[in-house]
Amino acid sequence: MGILKIPYNDGGFLTIDVDGVYEVDTSSAPDMVLKTDRHMGSTDVIGITLKFDLSSFNDADGPGMEAAVLKASQEPASCHVFECAGGIGLVQDESIDIGAVTI
Amino acid sequence: MSNYINVPMVTSFGNDGPLKVQAIDPADPNVTVGTGFNGTGTSAAVDITGGGSSASGGKATITTGAGPGFAVTGINITVAGSNYEIGQTITITIPNGVAINSSGAAIDTEIEVTAAMLDQPTNTADVISLPVDDLIGISVPASADAATTFSVVSRKDEGSSPTVLSTWTFTIEIDAPSTGADAMVAVSEAIRKAKQAENSQPTVEWPAGVECYALTLDT
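Same order as they appear, the protein sequences are chains A and B.
Take any residue in the first sequence, note its place counting from 1, add 230, and you have its number in the numbering used here.
Take any residue in the second sequence, note its place counting from 1, add 2, and you have its number in the numbering used here.
Because the hints were derived from the structure by calculation, they are not lab data.
Since we're looking at a predicted model, the values are computed, not measured.
Check each hint, because a few of them may be wrong.
[Said to hold, decoys possible] Here are the simulated lysine-lysine pairs, DSBU-like style, with alpha carbons at most 35 Å apart:
id	chain 1	residue 1	chain 2	residue 2
1	A	Lys235	B	Lys22
2	A	Lys265	B	Lys158
3	A	Lys235	A	Lys301
Here chain A stands alone, though its shape is the one from the complex (with noise of 0.2 Å):
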C-alpha cells in the first residue's frame, strides 16, 4: 500500500492512493494522470488525474511523481509530500478526479 500527500491550495493536503500506478501521463498539462493496472473496461483503467496550479509542467516533475509513487510503495507506512517544481501544489476545484481513463 502507498499513499501521498499533496499540497492543496485551499489549505492543507489530500492524500491518494498509488497503489498499483504503473504510468504518469503529463501530456495534457495542469492535469497529471496516474494510471493503474485496475480495469474498467476492455480499454480503459483506474486513472488518478490531479490538476495542478500551473500551466505547464516541469521536465522533472512527471519523472518526480513516478519515483514518488516507488518511493510509497516500497515504504508502506510511510506518507510523503509530493509537490510539482517550486512547491505547486492541487487547484483548489476539480483537483483530483478518479475514474476511468484510456490504457
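Position chain B against the provided structure of chain A, taking the given hints into account.
What follows is chain B alone, placed relative to chain A:
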C-alpha cells in the same frame, strides 16, 4: 488487515440547515401571508431571502385561490438551499407584473423558520465506520469551498456495472469559518492516518462549523 475511519455524524440540526422541500400551511402560526394578490395560480419559483446571515439558495412558490381576495392557498418550498436558521424569518417575495400579482408592488410572505421546516437528517447513527483499505482518494468537485457533497472513491467496482467504481458520498452542512474544502481535507487526513497505521480507526476531525448528516455508499 482492515482499516476504518470513524465519521462523526449528526442526527439533527441544532442551529441551521437546508429547508425541507415541502408544502407549508399558510395557516401555520409562523406564517404571515402576503395580501393584495389579484390573480389566481401558482407563481414561478422565486429566491427566498432572509433566514440568517449565511442562508442562501432556497426557492419557493406561492399559490393563490380564486377571487375576490385571491388569498394565498399554498406555499411550497421547491429548493432546499442551506444554512437557514431556526427562529429567523424567511421572505418569499412575489414581484409585481406576474400572473398572480399585478398590484403595482411586490408582495411578501414571511415565515419564521422552525425545526420542522428544516430538512432534518434521516441519519440515526452518531458515528459511521468506513473501511478505507480500497479507497483511492477524494474526487474534488467544482466549487469545492461551497460543496455540500463530495465523494471518496474506492477501487472496488459496483458489481452490477464493472465500469462504475464504488463511491462513498458525504453530505455536509457548512457554517463559517469552515468550507467544503476544509471538510475534504479533514476526511483525507483521517484516511491517511488509517492507511499508515494498521488496524487503526482514526476519527475524522471535522473543522468548526461542519456537520456531516449523510454518508452513503452509492448504488
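Given the hint that A/Lys235 pairs with B/Lys22, test it: the Cα-Cα distance must not exceed 35 Å. Given that 35 Å is the threshold and the Cα spacing comes to 38 Å, the pair is violated.
35 Å Cα cutoff - pair A/Lys235, A/Lys301: Within the cut-off at roughly 13 Å; holds.
Do the alpha carbons of A/Lys265 and B/Lys158 lie within 35 Å of each other, as the hint requires? Given pair A/Lys265, B/Lys158 holds - Cα atoms ~16 Å apart, limit 35 Å.
The structure does not agree with numbered hint 1 stated previously, though it agrees with all others.
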